[in-house]
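Asks: As you go down the protein sequences, you meet chains X and H in turn.
The numbering of the first sequence is my numbering, which starts it at 1 and goes up by one.
The numbering of the second sequence is my numbering, which starts it at 224 and goes up by one.
No lab work stands behind these hints: they were computed from the structure.
The reader is advised that the hints may include incorrect statements.
Below, in silico cross-link-like pairs of lysine to aspartate or glutamate (EDC-like), each with a Cα-Cα straight-line distance of 16 angstroms or less [said to hold, decoys possible]:
1) H/347 - H/319
2) H/415 - H/388
3) H/326 - X/3
4) H/353 - X/79
5) H/278 - X/222
To spell it out: a stretch of chain X is covered by chain H in this simulated footprint if at least three of its residues, at any positions, have a beta carbon under 8 angstroms from a beta carbon of chain H; those stretches are [stated by the list, open to error]:
6) 17 to 25
7) 82 to 92
Beta carbons are placed, not taken as given, at the ideal position from N, Cα and C, and that holds for glycine.
Chain by chain, the residues run as shown.
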Amino acid sequence: MKELRYAFTIASKDVLTEIRTREVLSSVVIFAVLVIIIFNFAFGSSEQAAGLVAPGILWVTFAFTGILSLNRSFIMEKEEDCIEGLMVAPLSREAVYLGKFFGNTFFILLIQLIVIPIFSLLFNISFFNLELVTITILATLGFASVGTLFAAMAVNTRARELVLPVLFFPVITPVLIAAVNASAQVLDGQSFGAISQWMGVIGAFDVIFIVASYLIFSFIIEE
Amino acid sequence: MINSIEVKSLCRNFGSFKALQDVSLVVKPGETLALFGHNGAGKTTLLKVMSTVMKPSSGSVEYGGRDIHKDSGIVRANLGVISHRSFLYSSLTAYDNLVFYSKLYGVVDREKRIKQLLSSLGLKARMYDKVGTYSRGMQQKLSIARALLHQPGIVLMDEPESGLDNKASESLWKLLSEEQRTVVFTHHNLEKGFAAADRVMILSRGKVFFAPDGKCSLAELQDAYSASLETA
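Isolated chain X (complex conformation) (with noise of 0.2 angstroms):
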């Protein structure tokens, strides 16, 4: 309980520092939508391309600014050693983990707040029913879990930019296939019991990944 209490005072100081600055909102939003113009325009709206293309663009879209987000989150630790202010304080790791992981999950699902109208209104395709908000949340979860963890690695590294993609892609590819499947059947009228198996891969990730990141960060974050 003390864990969690910290864990959403971490998160909480990421939140305001992020309404103080709004660095990473205000680009990434402005990354996403560029990215959904070009693909509509490659691709059209019309309702043929929209079923075959559209899960894979907003899928592709959230990786993206996905990745310029994580990266931010330790960036902002890195500055002033400010991780070493929380690995002095009386908190465990897992703690500093926990909040990191909470304040990127809220981050990420507030990117996918603000793109996914501007999305369904490019490609005429409407993203809000159930199905599709428990696949997106999902997969945030197992996208969020696995990037908090590579991004702590990452920020100690020179060319931390690169190494977070190459490390975080070929990680999360299973987590990035099960949700493109899944929405795409979605999309294509069928019910939940249909993607049933896409969303077991995708809960069974974010079981594993989230035990393994929280059981390994201390090894990563101690030099």
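Given chain X, work out where chain H should sit, using these hints.
Replies: Then chain H, alone, in the frame of chain X:
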């Protein structure tokens, strides 16, 4: 309150490089120990291990008989750390930063404590300004406030006076002496460090080079420091 320090046979290696070799020291409650040494002597590494940021390769550190890794939560709650870097978020205000750290340390009556510390360090007028707009010296003062927020029994300081003017340096030592605190600090200036300390120690190439049991004279310290530079 936990306020004694015992470091036993501490070693820390970075690959084949031995940054600390068999370092042992004891600091009694309320005592102030100054660490000196040439660049790369191992002072910062020793403080990083003592502050739980870095794990030792071998050896142990105990505060009041409690091991820093087995009882890390209790130990860290009694530890204040001032480093080369401020540990402060430049996008947040001074007040935001101190509120954040006071939540992590469970500071009771945090408003009062924050305002008291900021007043003592002459920062109250700018408490709602972003830390990024502060000068180096002001950031160092705020870093002192951050480290003393929870009234720790032990304070570890790596070059605490860097960037501070004379008045701010005086405020630092005054704040530290308000309660019985055990202090270990590094200093690049032998005279100033000697004046502030009860005991001194010189590290050279990761080993204890000079560690008199009691208070030595400044001349002895200067001679030992010169000798340590020859071995560096």
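Asks: Please go over all the hints and tell whether each is borne out by the structure.
Replies: Now the hints, each set against the structure:
1. H/347 - H/319: Holds: residue 347 of chain H and residue 319 of chain H sit about 13 angstroms apart, inside 16 angstroms.
2. H/415 - H/388: holds (13 angstroms)
3. H/326 - X/3: Roughly 12 angstroms between the alpha carbons, so the hint for residue 326 of chain H and residue 3 of chain X holds.
4. H/353 - X/79: The given pair, whose Cα atoms are some 15 angstroms apart, holds under the 16 angstroms limit.
5. H/278 - X/222: Between residue 278 of chain H and residue 222 of chain X the Cα gap is close to 7 angstroms, so the pair holds against 16 angstroms.
6. 17 to 25: holds (count 4)
7. 82 to 92: holds (count 10)
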